[in-house]
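There are 2 protein chains.
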Amino acid sequence: MNLRDGYIAVDWGTTNRRAYRIDGTGMLVNDFSDDLGVKAVPDGGFEAAVAEIRTKLGDLPMLMAGMVGSNRGWFEAPYIQCPAGIEALTHAILWAEPGRTGIVPGVSQRGAAGADVMRGEEVQVIGAIADGSAPPEGLICHPGTHAKWIVTADARITAFRTMMTGEMFALLSEHSILAEQLTGDAQPGAAFEAGVNEALCGGDVLSGLFRIRARYLLGESKGDEVSYASGLLIGSDVRAGLLLDGAGSITLLGRLDLCELYAIAIGKAGRETRAVDGAAAFLTGIRCVAETL
Amino acid sequence: MNLRDGYIAVDWGTTNRRAYRIDGTGMLVNDFSDDLGVKAVPDGGFEAAVAEIRTKLGDLPMLMAGMVGSNRGWFEAPYIQCPAGIEALTHAILWAEPGRTGIVPGVSQRGAAGADVMRGEEVQVIGAIADGSAPPEGLICHPGTHAKWIVTADARITAFRTMMTGEMFALLSEHSILAEQLTGDAQPGAAFEAGVNEALCGGDVLSGLFRIRARYLLGESKGDEVSYASGLLIGSDVRAGLLLDGAGSITLLGRLDLCELYAIAIGKAGRETRAVDGAAAFLTGIRCVAETL
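Line order of the protein sequences matches chains A and B.
Under our numbering, the first residue of the first sequence is numbered 1, with each subsequent residue one higher.
Under our numbering, the first residue of the second sequence is numbered 1, with each subsequent residue one higher.
Read the hints as simulated data drawn from the structure, not as lab findings.
Misleading hints may appear alongside valid ones.
[As the list claims (entries may be wrong)] The following residues of chain B were derived to be distant from chain A, with all beta-carbon distances above 10 angstroms:
#1 Asn2
#2 Gly44
#3 Val117
#4 Glu180
[Stated by the list, open to error] Pairwise CB distance ranges, derived in the manner of DEER restraints:
#5 Asp43/B / Ala280/A: 39 to 47 angstroms
#6 Leu94/B / Ala40/A: 50 to 58 angstroms
#7 Leu244/A / Glu174/B: 49 to 57 angstroms
#8 Asn197/B / Arg110/A: 17 to 25 angstroms
#9 Leu94/B / Glu180/A: 21 to 29 angstroms
#10 Lys268/A / Ala113/B: 22 to 30 angstroms
#11 Val29/B / Gly184/A: 49 to 57 angstroms
#12 Gly26/A / Glu220/B: 35 to 43 angstroms
#13 Glu180/A / Gly223/B: 14 to 22 angstroms
#14 Cys201/B / Gly189/A: 32 to 40 angstroms
Quick caveat: nothing in here was measured; it's all calculated off a predicted structure.
A virtual CB, placed ideally from N, CA and C, is assigned to each residue, including glycine.
Turn these sequences into a full structure, and let the hints steer you where they fit.
Take a look at the structure:
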């Protein structure tokens, strides 16, 4: 790939996309994000959506990752299997236009470890390891709608597990009997920590959630039930995720507000964390891919 | 209460109601059910909805239980606190018309055991114990939208725990990323048992659920994913519920199709069960209340 004049990197998810222009020296010079996620692109509309990115950021080579390569995206870029590192990812790029517009594939896991898939997180993982913000061997937690716990060794993804934590929280907030109590965003504090502690001690999430309803009916609501519910779900997520790797500091990778909540929960479980901004790691990961081409 | 000419018993829930006419000898002579649950009754419409029952079943004394006594029902019948038995329930009946139209209250739990509430199940519990289908001291499981595990002693409800198991299953089937794979009803069989086993062994529900999505994307779907999902949720429910009482046979009380699934899961956890039809227990419970008045 000719990087002399720079390139465009696009993190294209289900509900939004973020595009960056990198110049020939590797500096970020322009970027934008909008809500034209994969779900919002009409049938046959990807060519126009990609052209719009070049209109805004320049007529440059482009590398994309995320749901744009899924069966609901532009072209389906088949998953590569674990263990997966930079070489395998780069080798499997699906070229919409050869050498000019490429989609980085996702990663899959099969067999005894349990079927699992990711799209987009793998680029962040590669980037975080490449710039030294995550060690080449360790445990990475990527919070989100479908939170991922990722085991790495030798700078490759060797195993991972996805939890429907964020989606479950959204289902409860939007559609459940708890919806009227689960308003606003979860915040660090006593209510969040109470939920985390309950889950880390083995408390059952399905009964912990109903207690929110019971406290409301009995006039015992603590006010910050949204943070308590978040604590219950994140605590349960952390309890299961930590089983993947028994020791060492954990890299939190993703949205920094979510990383903050996970850091509290992981700390209560007795493990150390370091937080890495997902957007920065994505840019490093895409640069590694571009330079490997 | 004058039972000489019989009475009407109504189990009035959120989404439907079921009404029974009992004659002076205690025999069930007529009944109907419809979808005029509490949510479907318009503001100020309860008098008419109650009159309609008498039009269909006769101008008799009436005892009701369930969500009709909630803050979304006809009149709010304040919860009585655990431990709760037949005397306390009867004493706390809320009379819409004195001696003629009464609402049996629900039961609440406060304090260290955790806030919790029930409305309707308490009548079934009292009835099942009264007719000998449940022992006066033991553990009762009442599956449903909000599944309940109920500890009894001396024919009274001493503690209980509600799990949002059924509601969670509905949220996943109707609104989640898994909706297109979770169609139809869960059935006993290998897929259900696989989910149960995973949950009983401590498997994490949030990751087990996402594997349904991953198997679909990787072409590894087992076909009966709805039963697997049900097994995961019910297995998790049973694992937590059994902690309330460590030994002895468990009474399953409620809808017999759900009781069958729970019996499989409880059996896999090494405990015996007996199933009791919830509608029959409800009628016995209301008769006990009527005779105590």
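A quick look at each hint next to the structure:
1. A cut-off of 10 angstroms between C-beta atoms confirms that Asn2/B is not in contact with chain A; the least separation is 34 angstroms.
2. No beta-carbon of chain A is positioned within 10 angstroms of the beta-carbon of Gly44/B; the least distance is around 23 angstroms.
3. Not every beta carbon of chain A lies more than 10 angstroms from that of Val117/B, the smallest distance being close to 5 angstroms; the non-interface claim is violated.
4. Every C-beta of chain A lies more than 10 angstroms from that of Glu180/B, the closest at about 12 angstroms, which supports listing it as non-interface.
5. Range check, Asp43/B to Ala280/A: about 55 angstroms between beta-carbon atoms, so the 39 to 47 angstroms window is missed.
6. Roughly 52 angstroms separates the CB atoms of Leu94/B and Ala40/A, a value that falls within the hinted 50 to 58 angstroms.
7. Separated by about 31 angstroms at the C-beta atoms, Leu244/A and Glu174/B break the suggested range of 49 to 57 angstroms.
8. Checked against the hint of 17 to 25 angstroms, the pair Asn197/B and Arg110/A passes, with Cβ atoms roughly 20 angstroms apart.
9. For the pair Leu94/B and Glu180/A, the supplied restraint of 21 to 29 angstroms holds, since their beta-carbon distance comes to about 25 angstroms.
10. At roughly 23 angstroms, the beta carbons of Lys268/A and Ala113/B sit within the given window of 22 to 30 angstroms.
11. Checked against the hint of 49 to 57 angstroms, the pair Val29/B and Gly184/A passes, with Cβ atoms roughly 53 angstroms apart.
12. As the Cβ distance of Gly26/A to Glu220/B is approximately 40 angstroms, the hint placing it in 35 to 43 angstroms holds.
13. Against the hinted window of 14 to 22 angstroms, the Cβ-Cβ separation of Glu180/A and Gly223/B comes to about 38 angstroms, which falls outside the hint.
14. In this structure the hint that Cys201/B and Gly189/A lie 32 to 40 angstroms apart at CB holds, the actual value being about 34 angstroms.
The structure shown violates the earlier hints numbered 3, 5, 7, 13.
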